[in-house]
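Protein chains: 2
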Amino acid sequence: MPATETGPPVRELPAQEVLVRARALIEPVLQVSVDSLGDALRRMAGYHLGWWDAAGTPTPGASGKALRPALTLTAATVCGGDAAEAVPAAAAVELLHNFSLVHDDVMDEDPLRRGRRTVWSVWGVTNAILLGDAFHALSVGVLSTRLPGHVTAEAITWLQKTALELCRGQYDDCAFENRPQVGIDDYIAMAMGKTGALMGCACALGALCVGADTATISDMDFFGRELGLAFQFVDDVIGICGDPAVSGKPVGSDLRSRKKTLPVVAALESGTDAAVELAALYRSTEPLTSDQVERAADLVHQAGGLDLALHCARHRLTAAMQVLPAHATAEDLQQLARLVTLRDR
Amino acid sequence: MPATETGPPVRELPAQEVLVRARALIEPVLQVSVDSLGDALRRMAGYHLGWWDAAGTPTPGASGKALRPALTLTAATVCGGDAAEAVPAAAAVELLHNFSLVHDDVMDEDPLRRGRRTVWSVWGVTNAILLGDAFHALSVGVLSTRLPGHVTAEAITWLQKTALELCRGQYDDCAFENRPQVGIDDYIAMAMGKTGALMGCACALGALCVGADTATISDMDFFGRELGLAFQFVDDVIGICGDPAVSGKPVGSDLRSRKKTLPVVAALESGTDAAVELAALYRSTEPLTSDQVERAADLVHQAGGLDLALHCARHRLTAAMQVLPAHATAEDLQQLARLVTLRDR
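Heads up: the sequence lines are chains A and B, in that order. The first sequence finishes on residue 360 if you use this note's numbering, and the numbering steps up by one all the way, no holes. The second sequence finishes on residue 360 if you use this note's numbering, and the numbering steps up by one all the way, no holes.
Next comes chain A alone, as it looks inside the complex (with noise of 0.2 Å):
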């Protein structure tokens, strides 16, 4: 099987460093955030964001990648503007984001995020979906208080756009389930509404934020959807063939569940022996195996799906890459960007 990372392992580029300043500049905003909830929703918000236990003991360095806000920061300036003037909107980005998660958990019945038990699993149904239901308000809620007049109507509407994306895309990798055939068209649809269209808003409202002009922001708003695309079809992947101990997954796990993902549509889709015999271990509908999940994952790999998936990742880096400007501040998006593709979990 290939390796996941299309390069050498990479572990502290720069890169790194811009997401660790962008989540400590948003981090004080998701608190003031989080603390205007009740004491129970609260508790579930700062469990999920990694802040502390399902009994409300810090838990250092559990917190997500902050990859979508360090996006909206370092659009900010390579736009020519002060990351400080998009701190709102990276926030909001990421409240956004944590709704989807939360709610994605319950519809897709995930026990684990981040190798930790997701918020429906500890606390039911009904307080995960209220849960998302908050991380969304509160994102709307940032961008009303926190941005300067003139941008907040734009910014909210490319939020509550890209809201309904998320919606969009969740329900065709939901509906994928039950339809005998999915092509690789329907796989990327689905791609850009359910990763790509966030990612693309979190560099276009960085882009907004410091006054950016139409032309640039759709620009960012591209590079972002680009991306987006690559880091999913990296995603799924890892999700194949990634080290459950790097990735916080069970190995395996979107075979376990006969998820479409694009390495699993392209192989279907090749025409080879390897196609019939995984179109046929989709087809059943009893429990797989653990030999099963294995064999599933070599059909994948002989039938071309992952080299294929990381064929495609690399082209839309490099559509992302190409919109960039050619001064050198555009040097911390293309460090994320590598950052976003060349990983392992």
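Since no wrong hints were added, every one of them can be taken at face value.
If chains are identical, the list can't say which one is meant, so a pair holds when it fits in one copy or spans any two.
Mimicking SDA-like on lysine to any residue, the simulated pairs with C-alpha atoms at most 25 Å apart in a straight line are:
1. K80 with V35
2. K176 with R58
3. K176 with V166
4. K274 with G139
5. K176 with L64
6. K80 with E100
7. K274 with G53
8. K275 with W138
9. K274 with S285
None of these hints come from the bench; they were simulated from the model.
Position chain B against the provided structure of chain A, taking the given hints into account.
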């Protein structure tokens, strides 16, 4: 048992015309919003709003009451403005209301609403979560795209605070199920979040959109909140002794699911023999038989729970009326308020 009416039956008040006009004014905005969804979510949205059945065949007359939009539009005129200026706010409030209805139905596992199957019971929990999320986003989007710039941020801030209050109210409502004792004050705080906040928001946004001053906006919020509580208390009484053919709810459904509504909470706190017997029925975990549901309704009545709830409703209605200005334009709001509380469904 007392009639749920606090006066003679009210069927064709001028307030009914206010509701019809409100629906006619917001419907085009709702339609554009719903049409912006993908096919599947659009189908579910129109079904939920009563526009068509699950197969997409139009069902004239199945829409909701449009009470909240009517409050927004009427508040705008009471504050000396033109109702047309408040149409986006009225539509946004209606969309936010439907966001909470769709999600609440999932959490409460309610199979019916207005005599029709709920979205989750037709299309499953995943789709109902997504539809609620979409209504939430559409609600925000109507404000961010259709209001004049100088009120957008404040209106959206109000809307998202209301969304958080809805979450808190629903959280409390669900948490009450597992709490051995719920006091009247606890119940009223929950109802303020679940019902009062959105009616307050409806009225406040009407005032805000026509340029009312802060004190007037605050009065309108108070009016809506008190009216919302009156509405909820009457709803609770109907949930116990309303006619299913009129209310569209199964007979005694709140009692059957052992909901701790105001009449029940008041009855349990009454210190009467009926309270002891009612507490025993509520403590058991067996499903209640129809005879037991009927017995529970009698006990709530004997313990004075129904009378107390109706008394509280009248008290809140009086408080609401007192903040209205003395001039003639307030008449429509008074009519609406009476319609809300002098009703049998």
